[in-house]
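Listed below are the residues making up each chain.
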Amino acid sequence: MVKNAPILIPVVYLTACLVIALIRPRFRHFAYPVTLVAVSLASAISIGMLCLVIQYGIMRYQFGGWVPPIGIEYVIDPLSGFVLVVINAVACLVLIHSLNVNKVEMDQRLVPYYAVVMLFMLGLNGMVLTGDFFNLFVFLEISSLAAYGLIAVGSKGSAFAAFRYLILGTVGASLYLLGLGFLYLKTGSLNMADLAAIIPFVQPQKDPALIIALVLMTTGICIKMAIVPLHGWLPDAYTLAPSVTSSLIAPIGTKVAAYVLIRMLFGVYGVDVISREFPITFVLGWLAAAGIIYGSVMAIAQTELKRMLAYSSVAQVGYIGLGISMANPLGLIGAVLHVLNHAVMKACLFLVAANLRIQTGHSDISRFDHTYRVKMPWTMAAFTVAAISMIGLPPLAGFFSKWYLALGAIENSQWIFLGVILVSSLLNAVYFFRIIEKVYMKSPGDHAAKEEPAVKFGSVEPALSMLVPTIVFAVLLIGLGLFNALIVTRLILPMLPPGM
Amino acid sequence: MESILGHYVYWVIIALLCIGLYAIMFKKNLVKQVIGLSIFQTSVILFWVSSAVKWNATVPIYDPAYPLETTALYINPLPHTLMLTAIVVGVATLGVAFALLIIIFRRHRTLNEDKLIENMKEW
Numbered sequence: 023m024v025k026n027a028p029i030l031i032p033v034v035y036l037t038a039c040l041v042i043a044l045i046r047p048r049f050r051h052f053a054y055p056v057t058l059v060a061v062s063l064a065s066a067i068s069i070g071m072l073c074l075v076i077q078y079g080i081m082r083y084q085f086g087g088w089v090p091p092i093g094i095e096y097v098i099d100p101l102s103g104f105v106l107v108v109i110n111a112v113a114c115l116v117l118i119h120s121l122n123v124n125k126v127e128m129d130q131r132l133v134p135y136y137a138v139v140m141l142f143m144l145g146l147n148g149m150v151l152t153g154d155f156f157n158l159f160v161f162l163e164i165s166s167l168a169a170y171g172l173i174a175v176g177s178k179g180s181a182f183a184a185f186r187y188l189i190l191g192t193v194g195a196s197l198y199l200l201g202l203g204f205l206y207l208k209t210g211s212l213n214m215a216d217l218a219a220i221i222p223f224v225q226p227q228k229d230p231a232l233i234i235a236l237v238l239m240t241t242g243i244c245i246k247m248a249i250v251p252l253h254g255w256l257p258d259a260y261t262l263a264p265s266v267t268s269s270l271i272a273p274i275g276t277k278v279a280a281y282v283l284i285r286m287l288f289g290v291y292g293v294d295v296i297s298r299e300f301p302i303t304f305v306l307g308w309l310a311a312a313g314i315i316y317g318s319v320m321a322i323a324q325t326e327l328k329r330m331l332a333y334s335s336v337a338q339v340g341y342i343g344l345g346i347s348m349a350n351p352l353g354l355i356g357a358v359l360h361v362l363n364h365a366v367m368k369a370c371l372f373l374v375a376a377n378l379r380i381q382t383g384h385s386d387i388s389r390f391d392h393t394y395r396v397k398m399p400w401t402m403a404a405f406t407v408a409a410i411s412m413i414g415l416p417p418l419a420g421f422f423s424k425w426y427l428a429l430g431a432i433e434n435s436q437w438i439f440l441g442v443i444l445v446s447s448l449l450n451a452v453y454f455f456r457i458i459e460k461v462y463m464k465s466p467g468d469h470a471a472k473e474e475p476a477v478k479f480g481s482v483e484p485a486l487s488m489l490v491p492t493i494v495f496a497v498l499l500i501g502l503g504l505f506n507a508l509i510v511t512r513l514i515l516p517m518l519p520p521g522m
Numbered sequence: 008m009e010s011i012l013g014h015y016v017y018w019v020i021i022a023l024l025c026i027g028l029y030a031i032m033f034k035k036n037l038v039k040q041v042i043g044l045s046i047f048q049t050s051v052i053l054f055w056v057s058s059a060v061k062w063n064a065t066v067p068i069y070d071p072a073y074p075l076e077t078t079a080l081y082i083n084p085l086p087h088t089l090m091l092t093a094i095v096v097g098v099a100t101l102g103v104a105f106a107l108l109i110i111i112f113r114r115h116r117t118l119n120e121d122k123l124i125e126n127m128k129e130w
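Taken in order, these protein sequences are the chains called A and B.
Heads up, my numbering is the position in the first sequence plus 22, with the first residue counted as 1.
Heads up, my numbering is the position in the second sequence plus 7, with the first residue counted as 1.
Treat the hints loosely; a few may be bogus.
Said to hold, decoys possible - Quick list of in silico lysine-lysine cross-link-like pairs, DSS-like style, CA-CA up to 30 Å:
hint, chain 1, residue 1, chain 2, residue 2
1, B, Lys122, B, Lys35
2, B, Lys122, B, Lys34
3, A, Lys125, A, Lys178
4, A, Lys178, B, Lys61
5, A, Lys464, B, Lys128
6, A, Lys397, A, Lys460
7, A, Lys125, B, Lys128
8, B, Lys35, A, Lys178
9, A, Lys208, B, Lys122
10, B, Lys128, B, Lys61
11, A, Lys208, A, Lys228
12, A, Lys178, B, Lys128
13, B, Lys128, A, Lys460
14, B, Lys39, B, Lys128
15, A, Lys228, B, Lys34
16, B, Lys34, A, Lys178
17, A, Lys178, B, Lys39
Rather than coming from a laboratory, the hints here were simulated on the basis of the structure.
Here the structure is a predicted model, which means the values were calculated and not measured.
Looking at chain A on its own, in the form it has when it is part of the complex (with noise of 0.2 Å):
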């Protein structure tokens, strides 16, 4: 049983995505227990082989018995533990708040969103469960086609959005591939761990094939993570989709990609390789700097709050680009951390999103004032909570992994990026404050009086399944920034690679 567990999660998913789809349209709200069963399994399961792996070291699971290289394997060590903790309990948390936000804006493609939304988390959970590069492409490929389906069900431009994030993500998934030719015909495996032992022996700094390869698969990787030249997709896509989609797409989707890049820079290639011999991290660094101003400025331009938080987005994924680049212990405890800070904040920030959208019909920023605090008090409160988070102020979880980040960039002297990451905590101070201004302060004015309340199920909070979610979440990120040492010590420090 603990032998197989690593194959378990897809098994899950795979399970629930063929169950859901053969529902009748009848008996259409049936799909959405399913989908709670199986998305809290796979939670437990990813939750029970954290644990193990913490306990015990690596896991491994070999395909029809086939040893590896030759066959493929699920690997699960710290990290990809770690990951698969975060996306599991995130996209729990982020369904059970579907419930009323499907019926409102989706309730008779109920059948065919919930098997889609399974598809994409078999997806996710495949590339951080692999140990093979050729099956991390396939499911780099499933979880993408799941999430252009995804965003095209949404408001009247999101087809354009998902057509033109496809266009975008099959090249970023067909460079990869081609850098992944050039590896397989250098080194002759598409092993991780066998990569990582075969590629010392071959010499990078002496072999330009394996370079290329490295530039084509990161960057690959990078338009999936929306690093910046490479973000075109993102805005559109996360503010025309669906709010149950944005919120399941925007916490854990770019996290992955940003799991794979730390998995092939320092688990295959090598701290020496990627910081020294060849310093693609430089390049990453300044691209992840310029992402995240260029992110906190165009999100202080927007006036929805959906397409704020996707831009916000924008500049924080570039935090975890910049943890990643500095290569050193400390900026990939920030990156790591991050990744979870960044994952519940943003879960939190487009629930509440998401509430605004189903009981007011709008999330407008410049129509926000002190009227939506007296309404709905706890889904304002968790968005201020978030809010902060975002800023960076302690106690609250985003704080301490920019310190780390702050610490790293110190570290290497690099500091110019110590100033994009104070400059851009005041960026997202501007963005954020100016709502929750306008939320505390603001007297509802002339404007209000006009507007009929358009409002759907009483002017009070939303329903308790989705306001549970969201409270869930901002109590976590008090949680997560109060017990941060214990997290960065037990968890994150076992999953730094070796000769850190």
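Given the structure of chain A, go ahead and fit chain B onto it with the hints provided.
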């Protein structure tokens, strides 16, 4: 001359790659972009397939005429097998792309990128 004739496969692949990228970046019609995408994917698949080509070698099934010591006489089947998967993935991508194009056309009555981006500002 040697670098052109000796590696003509790679030059063809590079040409296909560039044609595909050109169509994706500069064509305004979304169907043409999808065609470009398909060419782009095909060039990557060709790269993998050409990498495992070997003259005067045989299929990777044990043949008494070729003793096991001469493994160089057998073709490596792995790149070709992997590309079967990649082709299937490409077909699935094309299917999703065309499904999206149908939705886009139904919603906006156009497949011209400029017009769609112009419309986009109103949503």
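The hints, checked one at a time:
1. B:Lys122 to B:Lys35: holds, 9 Å
2. B:Lys122 to B:Lys34: Holds, because 13 Å separates the two Cα atoms, which is no more than 30 Å.
3. A:Lys125 to A:Lys178: holds, 18 Å
4. A:Lys178 to B:Lys61: Not satisfied, since the Cα-Cα distance of roughly 52 Å exceeds 30 Å.
5. A:Lys464 to B:Lys128: Satisfied, since the Cα-Cα distance of roughly 29 Å is no more than 30 Å.
6. A:Lys397 to A:Lys460: This hinted pair holds, its Cα atoms lying about 14 Å apart.
7. A:Lys125 to B:Lys128: holds, 28 Å
8. B:Lys35 to A:Lys178: Holds: Lys35 of chain B and Lys178 of chain A sit about 20 Å apart, inside 30 Å.
9. A:Lys208 to B:Lys122: violated, 46 Å
10. B:Lys128 to B:Lys61: Violated, at roughly 54 Å.
11. A:Lys208 to A:Lys228: holds, 12 Å
12. A:Lys178 to B:Lys128: With a Cα-Cα distance of about 12 Å, the restraint between Lys178 of chain A and Lys128 of chain B holds, given a limit of 30 Å.
13. B:Lys128 to A:Lys460: Holds: Lys128 of chain B and Lys460 of chain A sit about 26 Å apart, inside 30 Å.
14. B:Lys39 to B:Lys128: Holds, at about 23 Å.
15. A:Lys228 to B:Lys34: violated, 39 Å
16. B:Lys34 to A:Lys178: holds, 23 Å
17. A:Lys178 to B:Lys39: holds, 22 Å
The structure fails to meet hints 4, 9, 10, 15 from the earlier list, while all remaining hints are met.
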